[in-house]
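Visitor: For reference, the chains in residue letters:
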Amino acid sequence: MPDAAPRHTSNGPGRVIVALYAVMALAATGRSSVQIASYFSRAPLAYVLSAVAALFYIIATIAVAKGGPAMVRLALVSCSVEAVGVLAVGIVSYAIPALFPDKTVWSHFGAGYGYVPLVLPFLGLWWMRRFSGVRGGTAG
Amino acid sequence: MLTPLTVVIVALSVAAIVLAAIYALRDRLFDDIILGTLALLELAVLVQAVVSVVRVGALHAERATFVAYGLSLVVVAPFVAWTAIKEKSRWSMAAVAVGTFTVAVMTGRMQQIWGLNA
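Those protein sequences? They're chains C and B, same order as listed.
In terms of our numbering, the first sequence opens at residue 1 and continues consecutively.
In terms of our numbering, the second sequence opens at residue 1001 and continues consecutively.
Simulated from the structure, these hints should not be mistaken for lab results.
Note that beta-carbon positions come from the ideal geometry of N, C-alpha and C, so glycine has one too.
There may be inaccurate statements among the hints.
As the list claims (entries may be wrong) - Computed, partial: chain C to chain B, Cβ under 7 Å:
1. G12
2. P13
3. R15
4. V16
5. A19
6. V23
7. A25
8. L26
9. V34
10. I36
11. S132
Just chain C, same shape as in the assembly (with noise of 0.2 Å):
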């Protein structure tokens, strides 16, 4: 029994990767305003770091929950960015791991997080993709 094709971003796999995207920003969010507030200097760029990934997945939670084409591209860069961030820092913290005497949210490509990071915004992108080019945020 196949389900209906969801006509909303937050309809259907939506409302999971909403649900991944607000526990992703929740966790981040926390993660990076402890790190910032106590111990800053012990490792800025990882905190700093964190604190980027925070932002994008607050802006993917709420792109994705909201829906509509403006929202649709809001999210594609948003995950385009994560995309690039966690491959990116993944590949950093294993070749230079000086670079992150602490960890981050996207570092050894979000092994802290069950690689949730890694495979959440090719989710997102993935399934954004299909309400893009859409009028109104349905799927036709």
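Could you slot chain B onto chain C? The hints should help.
Guide: Just chain B now, with coordinates in the frame of chain C:
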């Protein structure tokens, strides 16, 4: 932190995940049983958060992380209930599973931090 309450929270989270899986397989929608489980879970999480914040003085390390986790956890179950109720497909159950899994993992992490200091 109250260790027995941690056990209760993890058990309720696991129960919610199992329920969500059964509901998804049978194509059943969000109902009072799921809502009740999430409400019980939230009650336990709330009590744990209050106790944890009150007793945080006993901690030496990772105090800020501990408090951040405790306070963040409080919003997870209500958010999941709110978002899953609106979804009229089996995907709502996946959202329930994601949220309750998060509650279990974060509570486990808090217990770990608590154990470092106790």
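Visitor: Could you check the structure against the hints above and give me the numbers of any it violates, in ascending order?
Guide: 7, 10 and 11
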